[in-house]
Amino acid sequence: DGGITQSPKYLFRKEGQNVTLSCEQNLNHDAMYWYRQDPGQGLRLIYYSQIVNDFQKGDIAEGYSVSREKKESFPLTVTSAQKNPTAFYLCATSGLRAGFGETQYFGPGTRLLVL
Amino acid sequence: EDQVTQSPEALRLQEGESSSLNCSYTVSGLRGLFWYRQDPGKGPEFLFTLYSAGEEKEKERLKATLTKKESFLHITAPKPEDSATYLCAVFTSGTYKYIFGTGTRLKVLA
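These protein sequence lines map, in sequence, to chains A and B. So for the first sequence, my numbering puts the first residue at 23; every next one is plus one. So for the second sequence, my numbering puts the first residue at 948; every next one is plus one.
The following block holds chain B by itself, in its conformation from the complex:
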């Protein structure tokens, strides 16, 4: 069964304390991995799309990487405004659907 697991469920960081969020997947043929940021009461905001193992993308303090089994969202020197829930989703050739993880709730303390 296609599955996406995000860890940790929740993470508290001090401002400036770098860390990584994990998205591991077991799917029958990855055809795209997507990272989103979601603020409370709002729709998810697109961050990155990755298609191939070894691919990396960066945007400000965020960097997404992809291997054959998982993806990491690295947050360098986070600020309080980075506090949000980060969602991971995959598109598989098995079902041709998007499968979402349950997210990581990030809180960055000033």
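Chain A with its partners taken away, still in its complex shape:
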């Protein structure tokens, strides 16, 4: 069953705590992305990776960190430096084609709430 899995579905963070959101894919896509979705705003890019062991900051990377040790996995850590982490987090994957955007496919999302 091909697809993108994100876990957990809900995550609660305490003050000063780092939390990690999981994203796994078996679509064999090279590129993986993390977006944040807030009410009334478009999806905003946090980080993206086009190849293992390499990743780039998106528009709102402050307070977040990622790793890409395997093609299938792209975990996102929300650090204590992120002062307003409450949001819906979406992981996406796509193929790569020089000069063009390939279709992105999204996971089911993780909702992060602050206690």
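Warning: the hint list may mix true and false statements.
Simulated crosslink set (PhoX-like; lysine-lysine; CA at most 25 Å straight-line) [unchecked claim]: (1) A:Lys93 <-> B:Lys989; (2) B:Lys989 <-> A:Lys31; (3) B:Lys1054 <-> B:Lys1044.
Under 10 Å between C-beta atoms, here's a sample of chain B residues computed to sit facing chain A [as the list claims (entries may be wrong)]: (4) Phe981; (5) Thr996; (6) Phe1019; (7) Val1037; (8) Tyr1043; (9) Thr1049.
No wet-lab data here; the hints were simulated from the structure. Where is the CB? At the ideal position from N, CA and C, for every residue including glycine.
Position chain B relative to chain A; hints supplied.
Frame of chain A; chain B shown alone:
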């Protein structure tokens, strides 16, 4: 600055009442336009990808079209199960990133 604007923000239709959603863009070199459907609390579901002005794609009651300045998502004879938020995104040669609009919330009444 690359920008994507979707209109209207919200739309209520009676079942069977056809309409269109708009996605207008000002970008430096369009390299792909994407439509998604998103249900509350779920990830966006891919609908269509368009690359060239004049291109059209259809799926059941939905049809997407593309011009040099905008894209339309036409919904023919909608049903209540078409109620969702519809998102538009573009990929540009200026930034090589995907830029998302804020979506149109569609409600179809039985």
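Here's how the hints hold up against the structure:
1. Restraint check: the Cα-Cα separation between A:Lys93 and B:Lys989 comes to about 24 Å, which is no more than 25 Å; the hinted pair holds.
2. A threshold of 25 Å between alpha carbons decides the hint, and for B:Lys989 with A:Lys31 the separation of about 10 Å falls inside it, so the pair holds.
3. For the given pair, B:Lys1054 sits about 30 Å from B:Lys1044 by alpha-carbon distance, which is inconsistent with the 25 Å threshold.
4. The beta carbon of B:Phe981 comes within 6 Å of a beta carbon in chain A, closer than 10 Å, and the hint placing it at the interface holds.
5. Residue-level restraint check for B:Thr996 holds (minimum Cβ-Cβ distance to chain A is 5 Å; threshold 10 Å).
6. This hint is violated: B:Phe1019 has a C-beta 19 Å from the nearest C-beta of chain A, more than the 10 Å allowed.
7. Among the interface hints, the one on B:Val1037 holds; its C-beta lies about 8 Å from the nearest C-beta in chain A, closer than the 10 Å criterion.
8. Given the 10 Å rule on beta carbons, the hint for B:Tyr1043 holds: about 8 Å separates it from the nearest Cβ of chain A.
9. Interface restraint check: B:Thr1049 against chain A, minimum CB-CB distance 5 Å, threshold 10 Å, status holds.
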